[in-house]
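Asker: Hey, can you work out the whole structure from these sequences and the hints?
Next come the chains, spelled out residue by residue.
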Amino acid sequence: MSLEKYKDRNIGNQNYKLIGHEAFPQTNGEKFERVMKRMVKGELFVGLWVTVRTMFEALFKGQMHTTKYPFEKLPISPRYRAIHEMLRLLESGHYRCIGCGLCEQICISDCIRMDTRYDENQRKEVSEYTINFGRCIFCGYCAEVCPELAIVHGPRYETSSEQRASFSLFEDMLTPIDALKHQKEYPGFGAVSPNADENIKKTPLAY
Amino acid sequence: MSSNEITVKIDGKECKSVEGEYILNVARANDIFIPAICYLTRCSPTLACRICLVEADGKRVYACNAKVKDGMEVTVTNEEILQERRAIMEVYDVNHPLQCGVCDQSGECELQNYTLELAVDSQSYAIPDTIRQNKNWSDVLHYDAGLCIVCERCVTVCKDMIGDSAIKTGPRGGEALPKDLKDTMPKDAYAMWNKLQKSIIVPSNGTDFTDCSDCGECTAVCPVGALVSRDFVYKSNAWELKRIPATCAHCSSGCQIYYETKHTSISDPTEKIYRVTNEWNYVSLCGAGRFGYDFENRVQGKDEEAFALAIKAFETAQSIKFNSAITNEEAFMLQRLKEKLGVKLINHDAKAFKDFLTSYAKASGKGLYGGDLKEVMKSDFVISVGASLRNDNPNARYAFNHVQKMNKGAGLYFHPVGDTLVSTFGKSVEIFTHQVGQEELALYLILDLFADKERLDDEIKEYLASFHRHEKRIIKEKIMEEVSQSVTDKETGETKEVIKKVPKTIEKEIEVEVNGLVEMLGGNDAFYENFEKMKSKKESFSLIIGEDLYYHPHLHNLSRLVALIEEVCGMTLVMIPPRTNSLGVAMICDLDEEESGYVIGYNEHGHFRLGSRGFSKLDIPALNQQEGTFTNINKRVVPTNAALDYHGYELNDILNALGIGMRQTIDFTPQLGRIEGFKSQNFDDLPNGYTNAGEELRGYALEVVEVNKEEIKVVKFNESIVINEGEIAYRCNPQRQFNDFTDRSSQINEEFGAYVSPNKAKELGEEIEVIFEQGQSFKLKVIVDDRMQGDIIAIPDYKSYQNVYGVFGRDRYKKVTIKKV
Ligand code: SF4
Ligand code: SF4
Ligand code: SF4
Ligand code: SF4
Ligand code: SF4
Ligand code: FES
Chain A
1 MSLEKYKDRN
11 IGNQNYKLIG
21 HEAFPQTNGE
31 KFERVMKRMV
41 KGELFVGLWV
51 TVRTMFEALF
61 KGQMHTTKYP
71 FEKLPISPRY
81 RAIHEMLRLL
91 ESGHYRCIGC
101 GLCEQICISD
111 CIRMDTRYDE
121 NQRKEVSEYT
131 INFGRCIFCG
141 YCAEVCPELA
151 IVHGPRYETS
161 SEQRASFSLF
171 EDMLTPIDAL
181 KHQKEYPGFG
191 AVSPNADENI
201 KKTPLAY
Chain B
1 MSSNEITVKI
11 DGKECKSVEG
21 EYILNVARAN
31 DIFIPAICYL
41 TRCSPTLACR
51 ICLVEADGKR
61 VYACNAKVKD
71 GMEVTVTNEE
81 ILQERRAIME
91 VYDVNHPLQC
101 GVCDQSGECE
111 LQNYTLELAV
121 DSQSYAIPDT
131 IRQNKNWSDV
141 LHYDAGLCIV
151 CERCVTVCKD
161 MIGDSAIKTG
171 PRGGEALPKD
181 LKDTMPKDAY
191 AMWNKLQKSI
201 IVPSNGTDFT
211 DCSDCGECTA
221 VCPVGALVSR
231 DFVYKSNAWE
241 LKRIPATCAH
251 CSSGCQIYYE
261 TKHTSISDPT
271 EKIYRVTNEW
281 NYVSLCGAGR
291 FGYDFENRVQ
301 GKDEEAFALA
311 IKAFETAQSI
321 KFNSAITNEE
331 AFMLQRLKEK
341 LGVKLINHDA
351 KAFKDFLTSY
361 AKASGKGLYG
371 GDLKEVMKSD
381 FVISVGASLR
391 NDNPNARYAF
401 NHVQKMNKGA
411 GLYFHPVGDT
421 LVSTFGKSVE
431 IFTHQVGQEE
441 LALYLILDLF
451 ADKERLDDEI
461 KEYLASFHRH
471 EKRIIKEKIM
481 EEVSQSVTDK
491 ETGETKEVIK
501 KVPKTIEKEI
511 EVEVNGLVEM
521 LGGNDAFYEN
531 FEKMKSKKES
541 FSLIIGEDLY
551 YHPHLHNLSR
561 LVALIEEVCG
571 MTLVMIPPRT
581 NSLGVAMICD
591 LDEEESGYVI
601 GYNEHGHFRL
611 GSRGFSKLDI
621 PALNQQEGTF
631 TNINKRVVPT
641 NAALDYHGYE
651 LNDILNALGI
661 GMRQTIDFTP
671 QLGRIEGFKS
681 QNFDDLPNGY
691 TNAGEELRGY
701 ALEVVEVNKE
711 EIKVVKFNES
721 IVINEGEIAY
731 RCNPQRQFND
741 FTDRSSQINE
751 EFGAYVSPNK
761 AKELGEEIEV
771 IFEQGQSFKL
781 KVIVDDRMQG
791 DIIAIPDYKS
801 YQNVYGVFGR
811 DRYKKVTIKK
821 V
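Residue numbers (the numbering used here), protein chains in the order written: chain A, 1 to 207; chain B, 1 to 821.
Calculated directly from the structure, the hints in this document are not laboratory data. A quick note: this is a predicted structure, and the numbers were derived from the prediction, not measured. Positions of the beta carbon are idealized from the N, C-alpha and C atoms, including for glycine. One or more hints might be untrue.
Okay, the calculated beta carbon distance ranges per label pair [said to hold, decoys possible]:
(1) A179(A) x P687(B): 52 to 60 Å
(2) R243(B) x K73(A): 48 to 56 Å
(3) E117(B) x L180(A): 40 to 48 Å
(4) L180(A) x D139(B): 50 to 58 Å
(5) A693(B) x L180(A): 28 to 36 Å
Answerer: Structure representation (structure tokens):
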């Protein structure tokens, strides 16, 4: 590509259009006249009126637009990536995590660690699980890789606390068992795509 | 086996090989990939998976059991083969639980790999699933039948390498395959499925427990997560573990291993060994190597006070006592200390071995025995004398077994303690449970049976002949006798004489040649007859000798006999060094007979004790925390690396304090070159692995130096040393125990006690006191070893503080008095 066009800096030759507007005041008298005209026009009050109206609506008509943080919080997009949550199986209430270690492996800042063991029911038990939030960059890889939709990003974006450790253990992240009925399926990062069924081939089964 | 070199073409690539080699092995050696699941290098092909199907000269064959022929052209893949392979993988995936996420194979799974390799993304077959239960087969084995693909690799390795044959295929109880599949499905896939659907793996003794050697080799070869060691189940993903190439520290086999390490837990970042793995195609471990890995010595830091005391102790010491569970470098440093300080070096096991080797060298003209276990494995007749094969060196036992299973071989086993396992290795194994002290006779019998008589002295020939005598024996023989009977015809009423043949046993007197040696050694009567069969068509012979001969009042005569056998019988000879590095120590150190004065114990008893067990005055690193080299039974100098870190002092620090050290311990490795046979190679240049063709690239091989051969005569057997009455104690470790390190390992739980045969146990009760002639005594728990026979009791020597070596002195068998407690 030739750069000629860009190298031509002779702007005088270009075809600028001037937008139509009033003629500029030429004499001092004309200038004074314009100042006075603008001063006595009610434009200032047009603006003020908007404020007053909104104030009125907010105070007396119950149309308040301010969120009273921290008493109120705005709903957050499902794709927002905040502090992790560990979900449970809706049917049994057992935690979903199977201890596969994929999140631990994929974590870009190497901040997940877990201990597992063979439990009495011949299952793999997650005996300890932790995320070091001092290092987590909230990239969402862990949620995306999780085959069980067990680890997900929750909406909890307030991450200041006396100690970082205070929300980084398995128990802290796990849906409280009594809140199980409020547990929502996670639609965000790594969730099953709506057309997932169309994308898989079915395996024949015999019973 | 002929070694004619031939050329074959695999997928157009010219490959050189020898006749008799399998196509698969040739391909692997030439970096050509042929899918294969069930085949194990060194073991017999089982044709369980059939995925190695290839086309050789236009015919469909299985690469793992078809042998190459000169000029053969092999096609690895074509349309039809690909269909078979894909169908096979589809079948393997039928009802395989979707547990990959938790499976201990964690992606290192051959089922996954081949499923992906053959792009199986849909399934055409289905059959109802069968409930298959998880089982714990032993203290170490966990079998998840649901995951098992019945490739039979575990069964094969246990039979062909290990020799226990502790597991087999059993009924699965699955439904029969739909009839129509036979015609519609690819042929080999159908055959494979048909077998798979019927089987599962079970212990072969009919119980729920294997009751085996607990070597764990079956867990190593399992291509999926079906067989895992109990300790490792669901502990860690493979990808998290760091693999540290090393050498097992426990016995003289010096097997290649990897220590696999990871942080201990979330709250404890110190590295910990989670398991030991190996190159199972080329090396087989025993239970000590596989499970005895957590013997490290954790110290907080450098204990300066203890170190100062140690230096003082070294300055005053007159003797240093140690054993051979040390590296070559440590041995070299101890030798240096001897030269600098003039101390005596006392090492029980290496001294006995060295005396034997020196005496053998004089008689044979060679500094070292001629063979190694690899050559033994290739032979087809193997003899073992003076070794408790099962306990002294597991790999020698594997070799003995391998010869029987793979080379249609035969074997003779001479030992005073009966062993019920060895006799199961093959049909042509003859066991001689001789009396203690008759080892020379055993060697004379070998001479008699195998020697090229032309090359023997007249004196020996006469001596051997003197054992032979002719004897009249009455034997029973079956013959067909003709008898006449009168038979009455029913219709005609006529009576006829009919001649019939009936079998009859008669007694017959014949003259037989009796070999008095066989009789004296407790061989059975039929031996002579059997022996002809055993020996026929055999081409290569090997002899394994063990510790009984080094700890023997007649060790010099024995060593000469051994040298003579090696020469005139053309046998491959291997000597089992008593402990991990006895061979290295014997070559490197100048050892003294008796300790005197102030003794420093280096991992041993002494006035000042340095050791890697807690009760020492100065801690030193254990063998999984050290770099260095070992000299193993195969006469190789093999490297080992530190799996875990160590923060305390080591021997080199003491040398440095005394002004004779080096910067690092491994700076001594090239210095070993000063010793005859060793090479001057830097530690970091030593390889530790195997090639695809199975060639061992580990460290370097010792050079066997020639020494002056002296004319030495062997002397006749003198009966006076035979112990044939009273109670006898034998210094021998239980399986999987070798030294303080195995003792410390949490998964090795064989206890310190008196190991006896089941019969003897009935007689002895629960606990005994064993009193030696010199007055020492041990109170021991009686422990039954199902595989022992006879009355001899075995007392382990693996706990150095029990000083069992000291009590036995230069014998391995002692007369004792046993009191029940
Ligand atoms: S969000 Fe990213 S950085 Fe944070 S734990 Fe998950 S993978 Fe690791
Ligand atoms: S990826 Fe999911 S199932 Fe696997 S360990 Fe992490 S949270 Fe558990
Ligand atoms: S347990 Fe493992 S090695 Fe044994 S047959 Fe099953 S899959 Fe093969
Ligand atoms: S542990 Fe060893 S002896 Fe026991 S079944 Fe497995 S391979 Fe055989
Ligand atoms: S103890 Fe011996 S046979 Fe067993 S794994 Fe170690 S070196 Fe090999
Ligand atoms: S590898 Fe040849 S049949 Fe399995």
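Asker: State for each hint whether it applies.
Answerer: Consistency of the hints with the structure:
Separated by about 59 Å at the C-beta atoms, A179(A) and P687(B) satisfy the suggested range of 52 to 60 Å. Taking the beta carbon of each, R243(B) and K73(A) are about 49 Å apart, inside 48 to 56 Å as hinted. Evaluation of the 40 to 48 Å hint for E117(B) and L180(A) yields a pass: the beta carbon distance comes to about 42 Å. One distance hint, 50 to 58 Å for the beta-carbon pair L180(A) and D139(B), is violated here, with the actual separation near 40 Å.
Checking the proposed 28 to 36 Å range against A693(B) and L180(A) shows it is violated: the Cβ atoms sit about 59 Å from each other.
This entry does not satisfy hints 4, 5, going by the numbered hints stated previously.
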